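Enquirer: Chain by chain, the residues run as shown.
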Amino acid sequence: MNRKVVKEDVDSRIFDAINIIVLFLVTVVIVVPLWNVIISSLSSGKALAEGGFIFWSKEFSLENYRSVFNDNTIWQSFLVSISKTFAGVITHVFFCAMIGYGLSKRYIKGRKLYVAMGVITMFFSGGMIPTYLLIKSLGLLNSFWVYIIPALFSYYDVVILMNFFRNVPDSLEESAKIDGAGDWRIFLKIFIPLSMPAMATIALFNGVGQWNDFMTTKLYITNQALYPLQMKLYEIIVQSQTQSMQNIGGSAVIETTTKGVQLATIVITTLPIVVIYPLLQRYFISGMMLGAVKE
Amino acid sequence: MNKAFGKKGLKLCTVLMAAVLVMQGCGGGNSASSGKAGLPSADDRYTVDAETPAWKLDKKEETTELTWYVNADWWNTDFGKDVVTKKIKEDLNINIKFITGDDTKLNTFFAGGDMPDLLTIFDSNSPVVQKAATWALPLNDLAEKYDPYFNKVAAADTLNWFQLADGKTYGYPNYSNTQADYDSGNIPAKTAFVIRKDVYEALGSPAAGTPEEFKNVMGQIKARFPELIPFGFNSIGEGTGSLGDVLQDFLGVPMETKEGGFYNRNLDKDYLAWLKTINAVYRDGAISDDSFADDGTAFEEKVKSGKYATMLLDGTPQQGGNLQIYMSANPGKEYIAIDGPQSTVGHAPTLNQSGITGWMISFITKKCKDPAKAMQIFTYLLSDEGQKLMNYGIEGETYQVNANGKVELLPAVKDLQLNNADKFKKDYRLGEFMFFGHDRDKALSEDAFPESIKQMQEWGKGKLKPHFILENINPDQGTPEARALSAINTKWNTTMVSMLRSKDDASFDSLLADYKTFLDNNNWDKIVEIRTEKMKKNKEKLGLK
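Protein chains in written order, with the UniProt record's numbering: chain Y, 1 to 295; chain R, 1 to 545.
By construction, these hints were calculated from the structure, which means they are not laboratory data.
Here the structure is a predicted model, which is why all the values come from computation and not from measurement.
The reader is advised that the hints may include incorrect statements.
[Claimed, not checked] With a straight-line cut-off of 30 Å between C-alpha atoms, the simulated DSS-like cross-links for lysine-lysine are:
id, chain 1, residue 1, chain 2, residue 2
1, R, K97, Y, K218
2, R, K59, R, K367
3, Y, K136, R, K105
Use the sequences and the hints to build the structure in full.
Expert: Written as C-alpha cells, this is what we have:
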C-alpha cells in the first residue's frame with residue numbers, strides 16, 4: 001500500500017515535471033517573439049537596419065512611436081475606435097440578448113421559422129457588392145452608424161445567448177410573473193444579471209472584433225474624420241513602405257524603418273486589448289463552457 | 001409541428017425570396033441609367049482658344065469641388081496645405097477631395113454607381129481600363145470642346161498608345177516615355193551592376209563581364225571580404241527579382257524572333273549560360289541563401305548597411321535613399337556601377353526604362369460634375385509649368401534656375417529635404433504629387449536624384465532601348481490563356497530559383513527540361529500566338545516596322 005503511494009507520487013512528479021517543461025517551452029515560444037516585437041519597436045532605425053534578432057535594445061529610441069503619433073489626427077482616430085467599440089459592444093450585446101431571450105421562449109409563435117431563417121444566414125451571405133449596395137441605399141456610407149447598425153446582430157451570438165437563457169429555470173420566470181413582473185422587468189432584472197458570463201464572452205468577442213476591424217472603414221468610409229485607429233495605422237504603415245519610392249533626393253538620416261513603424265503599430269493596437277483581457281477573463285472562461293451545453 | 005413548419009416555412013421563404021428578387025430588380029433598373037447626355041457647355045465661362053490653356057481663360061467664380069479616387073492606399077490625400085497643391089488650388093480655383101482604396105473599393109465604386117469625378121488606377125492591362133469607354137469621357141472630345149491646348153502638352157504617341165477600339169483615348173498616364181524621350185537622352189537608366197568602391201579598388205578594378213571573370217571576382221570577394229555577401233540582387237518574392245528580364249536586358253537578349261514574333265527570352269542560350277554561372281557562384285558559397293527568401297524590406301536593409309559587395313540592382317531611384325544613407329555614413333565605400341555581366345555572344349545591353357504605358361493612369365469619369373475643369377487639371381499638370389511645380393515647387397520660393405539653366409532647390413528647402421524628411425513632405429511635397437510626372441522633367445535639375453545614384457545613371461547613358469513592343473502583350477484577363485500564363489510565370493519563378501540553387505549541372509538541366517514540358521502542357525503555343533498578335537498591333541500603333 002505504502003509502496004504504491006510512493007510509486008504514484010513518483011509518477012505524478014514525472015508527469016508534473018514534463019508538464020512544466022512543455023508548458024515552459026510553449027510559453028517561451030509565445031513570449032520571445034512578443035518581447036522581440038516590443039524591444040525592436042523601441043530601437044532606433046539604425047539598430048534595426050543592422051538586422052538580426054534583438055533581445056535588448058541596442059539603441060533605445062522612441063522615434064518609431066513618435067513617427068506614428070506624429071500625425072495629429074491619430075488621436076481623433078483613437079476616439080473613433082474607442083467610441084465605436086464601446087457603442088458597438090453595448091448595443092450588440094443588448095440587441096442580441098433581446099432576440100436570444102425572445103427565441104429562448106418555447107411559447108413564442110413562429111419560433112422555429114425564425115430560428116431556421118437565422119441558421120440560413122449563417123451559411124449564406126450576400127457577398128461584398130450586394131452588401132455594399134445595401135449599405136449605400138440605407139444611407140450609411142460615410143456615417144458613424146455604419147460601425148454600429150450592421151454589427152448589431154450576429155446569429156451566432158444569439159444562439160449562444162439563447163442556450164444560456166434556456167438554462168435559467170422556468171420557475172424563476174413564473175414566480176416573477178406571479179409577483180407581477182412584466183417581460184421587460186424579467187429580462188432586465190433576472191435574465192441579464194444571471195447571464196453575465198455569456199454577456200461578457202460575447203462582449204469580448206465582439207469588442208475585439210470591433211477594435212480590429214478595418215474592412216468596414218475601407219469599404220464604406222471615405223471621410224478621414226471617421227477613420228478608426230486601425231485604418232489610420234494601416235495608412236501609416238503603407239505610407240512608410242512607399243516613402244522611399246516617392247522621395248526625390250532622399251534623406252540621409254535613418255530615424256525609423258518601415259519595420260520599426262510596423263512594430264510600433266502592432267504594440268499600439270494590441271495594448272488596449274491586452275489590458276482589457278485579464279479583466280474580462282474570468283467571465284470569459286465560464287462563458288466559453290457554454291458552447292459545450294446545447295439542448 | 002416540424003412538418004407544419006416545413007410547409008409554412010417553405011411558403012414563407014419562397015414569398016420572401018420572390019419579394020426580395022423583385023425589389024432588387026427594380027433597384028437595379030434605376031441605378032443602371034447613366035448620364036449619356038452630351039458634354040455640358042462651358043460657353044458662358046470662356047471661349048476656347050487653341051493657343052491658351054483654358055484654366056487661364058475660365059472665369060468661373062465659385063470654387064469647383066471635385067472628388068478624385070486614387071486606387072492606392074498609400075496616396076497622401078491632403079490637398080491645399082503644401083506648396084504644390086496650394087498653388088494648384090489657387091491657379092485652378094479648385095478643391096479636390098481625394099479618396100484612396102484598393103481594388104475592392106474600386107469594385108464597390110463601379111457596382112454602387114456613385115463614381116468619383118476623376119479616377120486614377122495603376123494597371124493599364126486591367127479590365128477597367130479596357131472598358132474605359134463605358135465609364136470615362138474621351139479625352140479627345142474633352143480637349144476639342146473645352147481645352148484644345150491639351151493637345152500641345154500631351155504626347156501624341158502616348159495618346160495613340162491608349163486609343164481604344166473606338167479610336168478615342170480615355171486615360172492619360174504618368175511616366176510614359178515615348179521614343180522621342182529615349183532619343184533625347186533625358187531619361188536615365190534605372191538598372192545597374194554595382195560594386196562597393198572599396199572592394200573594387202582592393203581587388204584592383206577587375207572586369208566581371210564574362211562568366212569566368214564573374215566567377216573569379218566573386219571568389220576573390222568571398223576570400224578577402226568574408227563579412228560581405230559577394231553577390232546580391234533585388235528581392236525575389238513572387239517574381240524573379242533582378243535575375244529575370246533585368247539580367248536579360250544586361251545581356252541584350254533579343255526581344256523578338258527574326259520574323260517579328262514573340263521570343264521566349266527565358267530560354268535564350270546566352271541567358272541560360274549566365275544562370276549556370278550564377279549557379280556555380282552559388283555553389284561556391286558566394287550567394288547567401290537568404291537572398292532567395294528576403295522580402296523587399298530585408299533587401300533594403302542590407303543595401304542600407306552595405307552588406308552586399310556587388311548587386312545586380314533594378315530600380316536605382318527607388319533604392320536611391322537607401323544607397324544615400326549608406327554612402328553618407330561610409331564615405332569612399334559607396335556603390336559604383338561597372339560593366340557587369342555581358343553577353344557571351346556579343347549582344348550590346350538593351351536596358352529597359354518605364355515604357356510608353358507608364359505607371360498610374362488617370363481618367364475623367366462620365367459622372368464628372370465639371371468636365372471642363374477636370375480637363376483643365378489635366379492640361380495644367382501636363383504643361384511645363386505644372387511639371388515644374390510638381391517636381392520643384394515655385395520659382396523663388398523653393399527653387400531657382402542656376403547659371404547652367406538647371407533647376408536648383410533653395411538651400412533651406414534642400415536642407416529640410418535632407419534632414420527632416422517628414423516636414424519636407426508635409427510642407428513642400430515636391431515630387432510626390434505625380435499624376436502626370438515624367439522622367440524628362442527630372443532631367444531639368446541636378447537635385448532630382450540623390451548623389452548616390454548619379455554615377456550609376458551616368459554609366460547607363462546610351463544603353464537604354466525601348467521595350468515598347470513587349471508592353472501589354474499578355475492575354476486578356478479572365479481567358480484560359482491568361483490563367484495558363486499565370487501558372488507558367490509562377491512555374492518559371494520557382495524553377496529559376498531552384499536552378500540557381502541546384503547542386504549540380506544535371507539537376508539544373510533536368511529542372512529546365514521540366515519547365516519546357518510544363519510550357520508544352522499549358523497552352524504555351526496559344527500564348528505565343530496571342531503575344532505575337534499583340535506585338536504586331538503595338539508596332540502599328542507606334543508606326544514601327
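Enquirer: With reference to the structure, classify each hint as holding or not holding.
Expert: Quick rundown of the hints versus the structure:
1. For the hint linking K97(R) to K218(Y), the alpha-carbon distance of about 16 Å falls within 30 Å, and the restraint holds.
2. Only pairs whose Cα atoms come within 30 Å are accepted, and K59(R) paired with K367(R) is accepted, the gap being roughly 23 Å.
3. Restraint check: the Cα-Cα separation between K136(Y) and K105(R) comes to about 13 Å, which is no more than 30 Å; the hinted pair holds.
In the structure shown, no violation is registered for any of the earlier numbered hints.
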